[in-house]
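Engineer: Sequence:
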Amino acid sequence: MMTKSRLLPRWIKILGPKNVFSKSREGISGMSVAGSLGQRLTARRGSWHHSKLVATLSQGEDATLAEAEEKELQEILRISASNKKLKKTKVSESDGHFFENFSALTDQQESFHFRQNPGGSEVPEQTEDDILASKIDHPCKDVPKLSKKEIVDLYRSILSVIQFRLCASNQSFPPDLELYGYMHDMFKVYVSVNEHNSMVLTISKGAPPDTVLMVTVQEAKDLIGKDVSGLSDPFCVMGILASGESKKPFVTNSRVPHGTCSPHLHHKEKGSHGNQDLQSTSIIKEQLNPKWNENFRFVLGCAVQTGWFHIDVWDHDEETTVMEVVKKSGDIQSVKGVKRLLKEVIQSTRLGGSNPDDFLGYVNIKLDAIPSWGLSGWYPLKSKSSRSKASSGEIFLKLKMSLQRADQSYQVLSPTAVHRILWFHIVHYEVARLDQLGAWDGELPSRAMTILQQHAVQYEISDLHQSLCRWLAYSQECTMCVIDFKSFYTYGETLKRSWKPFALSADEEQYLQKSFHSFITYAVDMLHRQQDMFPPTNKLALRRLQYLLLCLSQINEMEFAERNVLFQPNCQAVILAAIKEDIHNWYSKKQSEMVDAKPEIERVSSLAGLTNTINGQFQRLLQFVHNTYQTVFEIPYFTIVYKEMDLRLMADVTRCLTSTVSHHTLDDVEGEEYSQRSTALFELYLALRDFVGFSENLTEGDQADLEIKGYHKFFKKAVEKWLNVSRKRAAERIKKAVELDQVALVDTMVKHSTSAVDVATCFAQIREFWQRLDWPDTVGSYVFVAKVTDDICHGAVSYANIIHDKLRQNGYYDDEGQFDVTDQLCIAINNIEQVRRSLAIMPESLGWQRIQVAMEMEYGEMAGRQCQDTLQTMMASADEDMVNVIEHVVQRVGERMRPDLRRFLRALLAAHIHSCIDDNTRQGQETSAMDVSKNLQFLQAIDPLMEYLDTNMITLHNCLLKSNFDRILQDIWIVLVDELSKIISNKNKALHGKPLLFCRLNDTLDILSDFFYADTKGLALPTLHNATYMEMKSYTESNMADTHELIEAFYGQKLQEVEEIIESNKESLLGTLTVKCYYNDVTNHLCIMLVNAKNITPKDRSGMSDPYVILELQPSFVFPKSSPRKSKIVKETVHPLFDETFEFPVTKDQCKNRGACLHLIMYDHDVIGSDDLEGETFLSLQDIPGVKQAFESSYAAVKAVPLPLRLPEKNNNTPFLLSTLKQRPTDRVAQEFAKKRAQLLKRAKVAP
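For the sequence shown, position 973 matches number 973 in my numbering, and the numbering has no gaps at all.
Treat the hints with caution; some may be incorrect.
Here are the simulated DSS-like pairs of lysine-lysine, each with C-alpha atoms no more than 27 Å apart in a straight line [what the hints assert, rightly or not]:
(1) Lys-398 x Lys-285
(2) Lys-717 x Lys-787
(3) Lys-721 x Lys-643
(4) Lys-145 x Lys-221
(5) Lys-496 x Lys-400
(6) Lys-1245 x Lys-1235
(7) Lys-1033 x Lys-1076
(8) Lys-728 x Lys-709
(9) Lys-1222 x Lys-1128
(10) Lys-1222 x Lys-1245
Derived from the structure by calculation, the hints contain no laboratory data.
Kindly generate the complete structure, drawing on both the sequences and the hints.
Structural biologist: Shown next, in the form of structure tokens:
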């Protein structure tokens, strides 16, 4: 007995071993075995497609598999191309690594860009020592020279400042001894220790100067409106409160007029406040947010330690009469205004001596809380008591302490001069104390800052003068490696904020102007050497450059600079000139480093190196420097640099490439000399290409004026020469790759060999070389792209032909012995397919679409389309040629298998089999032991064929790409079906009367179809069911079928043809016959009304006909008791009106039978001779009203059906029915049916 494994071919099993087919047979043991086998044969159509091919195919869906193969190809090409650039292979060695060397050029260029990129690891960062070697001394370093008396005078004043420091109670300062020591260390060259001690002692014994509080009342906001109009007339009253005094509001004297500009005194009520005089601001009329900006001075005396500063804000009310108040009633705008009006009426009726002003709030500030640098800010106004909510708002105050010294007219230097000189000495002293030169942030120690701050506070040095002194002091020490320009920028901002026009004396402005001139000169000198002083590889240097430019911008924007021109002719012009000189010097320096060798090829290489150096500098300047110039001065720095480089570099390129080593000499060289010259030229081209790439950062207008934009014209001949050489080298490499191919060593799971990878890599290198050239003239590049496309296509077709020739030489086309698929054959086919697939990426990689667009813009749409068509034609032609080679090889596989397939099929038909697979097995029913035995006989007979197919399919699928496997699978199927068709044709007469052979043929077709369909993983059903297959299938099924089944199938086919014509709404050429038909449940009769006919064919000479109709119920064996009926003859018409009814006694079951129909045949009546056939038509009885469901028995309720008339056709969709029936001479029903149809065919003038 055949086991289940025996039923399943090896190529469909998923996990089974390869030797699945066991030669043993299990015994048959009764019905149980029969039932088991019957179940296994239930799905006969699917039994074979569970073979190992389906399992193998199921490992990946078609689309997934194809996608995986494509990814595999691309990954192999990528890895291979990468490896071949580094690895010396025998194939590449054959041409001296021609393609690898040129690919390496672009890699070297990219590697250079990485090294030059600020993120690259090989960019040398210039150190501080390198910058120090290039430093520029300040052009003006004139620390003031003082006389002995001036030194002593300055020194004494500073000691006095230290002795009588001003500070808040919680403010900490360095000890006096440290401050004295710091001063003496700074001036020890001028002041001895004894002189120092003597001056300290004298100052400490002297009377301390008076402390002065300076107050600025700047503004207030959000005050309460006390007047009828909702506004107030605010003014402030302020004074000093001694410790313990009442902090109640000051009482204003309404009789004292309030000024509008100067402060006023306010009288003191008895017991209210101390002896300090009060001061007041001016009155701001009708404001809730007044602005005073008025200054006041208070001599504090002993109150500085425990006293308070107190300020009141009042709303001033003039003394008015009741009538004047009432007149204001028209200004009332709210309920609050009414209340205020009543208040003024009450105040106007008071007796003299009362205070009419309204209190708005007050502020108290403790004097010992004011630090040395003062206080400033918004202070909330307090009310008279915590329960009062009337007062609100804030006031902005500035408070600062100072000292009021006795007459010091004996001093030689003014306080401002002392402060300036003190700054000079302190900064100079700190610079001298630095351990080493470097970037100093300008921060001073706390001792120096304490002395400077105390001097400014005690002598009331203004913010402007303090900023001026600091700028002058630092600018004297302005060497690039000493003070960080960030500090200068900070000092400049302070000076700019505190600047007031005409606040400085003429001498001071002159001093500042000289300082600015010195700084500008120094800064511009550094910009002249920017590449050395501020190298873009040094982050700290770049930061200094940024702040240096910001400092220049500060100076340029100051009002002082507007009155005194510091830049000639203007700031931007000075900086532009510096930039150009810097770039000019840098280029000259780099140019001098070029190799000035006599072999001009070295000059080209040297020029390429210079260009790459420029490109690296461009990258850094663009990334780090350009934005600074653009932001600070709106100077397009990179544009200026690029255009300067453009002029210089293009001059050198033109001079070099028009010399004896220019491109045209390449035509005269070959071999190693050509490689050297072309390599040097392409190195320069790639460098210039990158140089031009930086021009994208320029505006279109600036790009239009560039000299370098036509650089590619120098290399046109070189590219043409390279493409010619590359075609020749590619052809040589293809032959060498096939020669060195080692197919036998490739594992069976690998679907290609080394030659395919070598060739595809060669093509990829050609494409990559062109891609990286990035030819700037898109329109002009069409010629080159067409040449590259043609070269690659020619090489691919050449490779396919070489592979094909190698197969021929290895005996692939010999016809000796049984043919078996080998790995070598599959890999050869795959190699061609792999290379063919590599062509598909050419349109994208070579930029076909971009060229088409450029051509359309330049020459019109037609020109662009022609270019695209030409390129597509090249690739399509190569693709077609390679597919033809593959198909030629594939077809040979089928042809080589044809003799074996023919032998297996003949053996199958000649086998001694008593039966085919029985109907029960077809339908999945239980079968008897005898039927099982018959089934096994057939399966045993077909085993050799399936074993042969299975073995070869396994090899094909494991070794072929999916597309090639599909090609071979389809070709084998065509050969197999063709051989089976020939066998049937040759044995046609021998097969007649042997239904078992037809059954065997039909089962063979089904099994083979399922086998190649492989559960949707093999060939598609439309491909399987081709014309030959369908013809054989119809032929075998016809000869297998019962006579009644054939006749029923015949009428069923006729009904389908009529239905298709009706649904298509096509007009019948022979006319239509209209009928009404229904089934009468009461009488059990089929009722038919023959209505009329239209447009029938005229048969008489008169152009008319005499039509009548024969009505028959078919098939006749279904309606044995129903005889034909004949209608009346309608004379001389082509549109006969019959209007006749007929009834046939039949049952519903008869009408429901398969193929049951009303057959209507129309004739033209002839008096002499036989009647002419007009046509026939058919009406299905299964769907007429009353058959499937109850129906009202009335013709009026029935819809008329127009039926198309047709002539009988011999082979119309039923080619084998009549012939099959004729070949059954002992079957009366078959013979009668065939005879009748033959008569109709004869009348229709169709040969029987």
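Engineer: Hints first: check each against the structure and report whether it holds.
Structural biologist: Comparing the hints with the structure gives:
no.	hint	result
1	Lys-398 x Lys-285	holds, 23 Å
2	Lys-717 x Lys-787	holds, 14 Å
3	Lys-721 x Lys-643	violated, 32 Å
4	Lys-145 x Lys-221	violated, 51 Å
5	Lys-496 x Lys-400	holds, 22 Å
6	Lys-1245 x Lys-1235	holds, 15 Å
7	Lys-1033 x Lys-1076	violated, 38 Å
8	Lys-728 x Lys-709	violated, 32 Å
9	Lys-1222 x Lys-1128	violated, 34 Å
10	Lys-1222 x Lys-1245	holds, 20 Å
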